Every structure is written in C-alpha cells, then in structure tokens.
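**Student:** Protein chains in written order, with this note's numbering: chain E, 1 to 168; chain C, 1 to 324.
Keep in mind that the hints were calculated from the coordinates and are not lab data.
There's no promise every hint is true.
[What the hints assert, rightly or not] In the BS3-like style, the derived pairs of lysine-lysine whose C-alpha atoms are separated by at most 25 Å in a straight line are:
#1 E:135 to C:23
#2 C:258 to E:129
#3 C:303 to C:258
[Said to hold, decoys possible] Simulated DEER-style distance windows between Cβ atoms:
#4 C:6 to E:150: 43 to 53 Å
#5 E:41 to C:294: 35 to 45 Å
#6 E:116 to C:250: 48 to 58 Å
#7 C:24 to E:31: 50 to 60 Å
#8 E:30 to C:250: 37 to 47 Å
#9 C:32 to E:34: 32 to 42 Å
#10 E:120 to C:36: 20 to 30 Å
#11 E:34 to C:244: 34 to 44 Å
#12 C:271 to E:102: 53 to 63 Å
#13 C:104 to E:127: 16 to 26 Å
#14 C:92 to E:101: 17 to 27 Å
Since we're looking at a predicted model, the values are computed, not measured.
Built from N, CA and C at the ideal position, the CB exists for glycine as well.
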Amino acid sequence: MTSMARGRWASDLEDIAMEAWIVLDRVLRREQARNLDALMTRIARFTFIDAVRRLGHDPIERSQPIDDEDAAIGDPLIGSGIDPSALEMVRFCTLEYFTHHRASECIEVARHWFAGRNHAEIGRLLGEKRDAIAKRWERCRRRVVEAFRADLPGPLRQFATELEEVLA
Amino acid sequence: MTFGDSHDWVRARLATWASGLLKPDSTERVDQHLAECESCRQLAGAMTSSDPKGDDRGEHIPAFGLARWDRWSRDLTGLSRSLVLEHLQRCEQCRSQLVTLGYRAELPLLEGAESTHSPDAATRAAPPRSVPIRSARKYAWPAWGALAAAAGVAIVAYIVLHHPSSTSVPVAVTPSAVDTTPPRVNPPPAGTSDEALLALGPESSDAVSLASLVRSGEPDTTITRLQFGPAGHVAFQVPIEVATLAGNPNIDVMLVGKGGVILRRLSARRSELAPRDQRRDLLLRAGQHPLVPGDYAVVFVAKGAPQPNRFEYRVRIETAGRHE
Chain E
1 MTSMARGRWA SDLEDIAMEA WIVLDRVLRR EQARNLDALM TRIARFTFID
51 AVRRLGHDPI ERSQPIDDED AAIGDPLIGS GIDPSALEMV RFCTLEYFTH
101 HRASECIEVA RHWFAGRNHA EIGRLLGEKR DAIAKRWERC RRRVVEAFRA
151 DLPGPLRQFA TELEEVLA
Chain C
1 MTFGDSHDWV RARLATWASG LLKPDSTERV DQHLAECESC RQLAGAMTSS
51 DPKGDDRGEH IPAFGLARWD RWSRDLTGLS RSLVLEHLQR CEQCRSQLVT
101 LGYRAELPLL EGAESTHSPD AATRAAPPRS VPIRSARKYA WPAWGALAAA
151 AGVAIVAYIV LHHPSSTSVP VAVTPSAVDT TPPRVNPPPA GTSDEALLAL
201 GPESSDAVSL ASLVRSGEPD TTITRLQFGP AGHVAFQVPI EVATLAGNPN
251 IDVMLVGKGG VILRRLSARR SELAPRDQRR DLLLRAGQHP LVPGDYAVVF
301 VAKGAPQPNR FEYRVRIETA GRHE
C-alpha cells in the first residue's frame, strides 16, 4: 500500500490498512488461503483502490511530489464521482433488513444478486423458473425499498438520487 | 434526454442497479445503456468486479466502516443505524473485529440518530453509551494474524506496523520450555506507565496491558486480566521500560506461573523487541502447555544492562487457553 500510495494519503493509510486486515480476516474465515502472500497483496491492492475511489480523488492530479507514470492507479471509478462504498452499504442494509424480518426467500435471492447472477442463473441454481425468481425478487425489492423510503435521511442518503428513481 | 444526461442518469443508479433494487423498467434501461456504452460499462464492471470480498458482500458491516468505527458509527442515522446495531448484537465476527481494532463493539448512543422507522422498534433496546477505547490512529498496527498463527510457536514476537512502511520481520522465537528455576523478585524500577495498551490486530481481543509494574510489597496486586479468546493466546506490547533500555542488551521474556515455574521463554535483543523505538507486540500462544486460569507474571530480564534490568508484570488469566 505504501508503495502504491507513493507518499499520498498518508493520514488515511492506517485506516486503509485496518480495512485490509478486516477483509483478509473475513476471507480467511471463509476459506483457506493457498498462497497467503498473494492473497494479502491482492487484498491490499483492492482495498487501496476502493479507498481511493471513496476519497474521490484523482491520484495523479493530487500527487504534486510524484512525477512518475507508475504512480497512476488504473481504475475507471477513480475520479468518476461514483462511490463504490455506496454499493457495499446498500447491500448490507438490504440483507440485514431481510434477516431482521426472517425473509429467507429474499435473502436467498439477494445473495445471488449480489454475487452478480441474473434471474435466469439464480433460477437454475435454485431449481426454479426465471419468471418465478423475478416475481419473488420483485416482492422482496418492494419490501426493502418501502423501508428505505420511510427512513430518515441517514447514510442511505448516498443513494438518494438512485432511490428517487426507485421510488418514483 | 441528451447523451450526457443518459450517462449521468445511469451512473447515478449504478449502485442500486448492482444491488438489484432498481425498478424492472429502470433496470432494463440501465442494461440497454450499458450494452451500448463502453465507458459506463467499464464503470459498472469496476463496481461489480470480482474482488477478494467475494461471497461476503453485504453479509457483514462494511469493512470501511469497521476500520473507521469511531468516526463512521457516529455518522450513522436512521434505518442504517438500526440495522448496524442489530447486526452487531448478532454477529460475533464483526464484534471481534472491532475489538481487535481496539474499539468497543457498541454503537455510541447519539441523540436524534435513532431511526423512527426501525425494522422492529419493539425489539430494539437502547444501546449502551459507549466511547471507543481509544483512537485507532494512536497505536501501533500489527501485522497479519494469519502469519502469526502460522508461526506455530509458543511465544511469538510479531510485526507491529507502527508505520505502514515498516519492514520489520518477526522476532526469532523459541518454543515453549518448562523451567523450574524460580525467578528472582527484584524491587521494581521507578516509574510506571498508565498507558492502556494494547496490541492491535487479530490477537488484540486476547491482549493484555503490561502498563503497570508490580509494586514491591504488594505481590497480590492484579493489574491485568487475561482472557483467552478464540485464538487461544494473548498479546501484549513490549513495555516502554524495556523498549527504552540503553544499549542493545539481550532480554529474556518469561511467563512465570505458580512456584516460579517458567512456562514460556523468549530471548531477543532489545532492538528486536523494539526496533527503531517502535514497540512490538508479543504473542503468547496457548501452545503445548495450556495455561489454566490463575495468576502469572510476565518478567523481562535484561542481561548485562545497567540497573534497572528486571521488569515484572502480574497478570491473571480468567479463562483457559485452548489446546492447539
């Protein structure tokens, strides 16, 4: 991380290192690492890039002391104004909301959604038709969207623009 | 709608789209746009690309929140606050990670921050008032616990990344050894520290403060309580009295049980325990000789150093360590 930062974001590096440790801990609880060094390197890189995305900085423009093309962090989200932590938070809130209401039928589909699977793929995995999954998810989606709509403008305000459309 | 509007419209909805929470017609509209627009497709791909978080996505409190708990938790309001609180009460993993980072696994009670639309107001108890034990920025940051766990030794001194650029390597360690030599009881050196340690990192839930020296004439003074956590070991930071010893003496670190039995021993140079004045964490593993609840002493003896050269800290283990 230090080598990627090249002296930038010094005040944030400790937070980012902690975040990387959390991710590593979660991964290791889930599965055994075949190559711990490689895993740590990968996590460090992803976490660092995620953090830079959140910081919303263009690392090159901010890096006055650095005159080095290698310092560039090739990532389309950096500088795009899109905060990927919004995605993480909305996923957490969605799953947690379903968990609270013991909506196992929704949790099941949500997890597949978050893993990037579409209705058809989820249907195949769950042994159901695509349309059945789509209908089930639509019911679930409405539930959680209703809850978000009734909420105070908290951290979910990050998604306000999106939710306006969702709720329209 | 202009082309630019279309980009903005899609990009503003990518998180919701990626979570499947957009209305079906909006989802279709995003899908269509992504099929035609390379730049937006790249953004969507970056947002949803496979990363090490893998299947844990959304399953736990976001890592960026836990890492900045003292600040992030205070910004939580409304439903998201309620959901975080509820998850924290249920999820041992998130709690232990918070403790590892040195925070209390609690949400501070903030006036006006509680949701009026909680998922189930009747079942929610007000969280206790709490403050972080300390700022995570203030203390050292140890290296990965997995590496320490892999070391497989009785006492491990492992990397403390007080500065992220640290290139320290673990201190050489010696396996657990049983020695029946009773330790001498020397008068303690003057000066104590009330610093509330401790180790950061994966072992810190098992960490213990060696902040106070045992005072002469008060042999029963208990200064610290140890709890063996799931990892089955305890971590503590090299005390400042030892870290600041002049020269580079060889130092014996011993865990001493009843009757003066030395249960664990580590020998290292001062420079290994505190390289460049940055105190490392020592990891005391349960090892082959599991420690039973009771009173112990952690003793540092500096060989060839000018007085004071012996530092003794009394600790109490309250739960048994796990066999490994």
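**Student:** All the hints need checking, so say for each whether the structure fits it.
**Tutor:** Checked hints:
1. E:135 to C:23: holds, 12 Å
2. C:258 to E:129: Measuring from Cα to Cα gives roughly 68 Å; hence the hint is violated.
3. C:303 to C:258: Given pair residue 303 of chain C, residue 258 of chain C holds - Cα atoms ~24 Å apart, limit 25 Å.
4. C:6 to E:150: 43 to 53 Å: Once the Cβ atoms are compared, 30 Å apart, the range 43 to 53 Å for residue 150 of chain E and residue 6 of chain C is violated.
5. E:41 to C:294: 35 to 45 Å: holds, 42 Å
6. E:116 to C:250: 48 to 58 Å: holds, 56 Å
7. C:24 to E:31: 50 to 60 Å: Given about 35 Å between the Cβ atoms, the range is violated.
8. E:30 to C:250: 37 to 47 Å: With a Cβ separation near 42 Å, residue 30 of chain E and residue 250 of chain C satisfy 37 to 47 Å, so the hint holds.
9. C:32 to E:34: 32 to 42 Å: At 40 Å between Cβs, range holds.
10. E:120 to C:36: 20 to 30 Å: The hinted range 20 to 30 Å holds for residue 120 of chain E and residue 36 of chain C, with Cβ atoms some 22 Å apart.
11. E:34 to C:244: 34 to 44 Å: holds, 42 Å
12. C:271 to E:102: 53 to 63 Å: holds, 57 Å
13. C:104 to E:127: 16 to 26 Å: violated, 45 Å
14. C:92 to E:101: 17 to 27 Å: The hinted range 17 to 27 Å holds for residue 92 of chain C and residue 101 of chain E, with Cβ atoms some 22 Å apart.
Against the hints set out earlier in the document, violations occur for numbers 2, 4, 7, 13.
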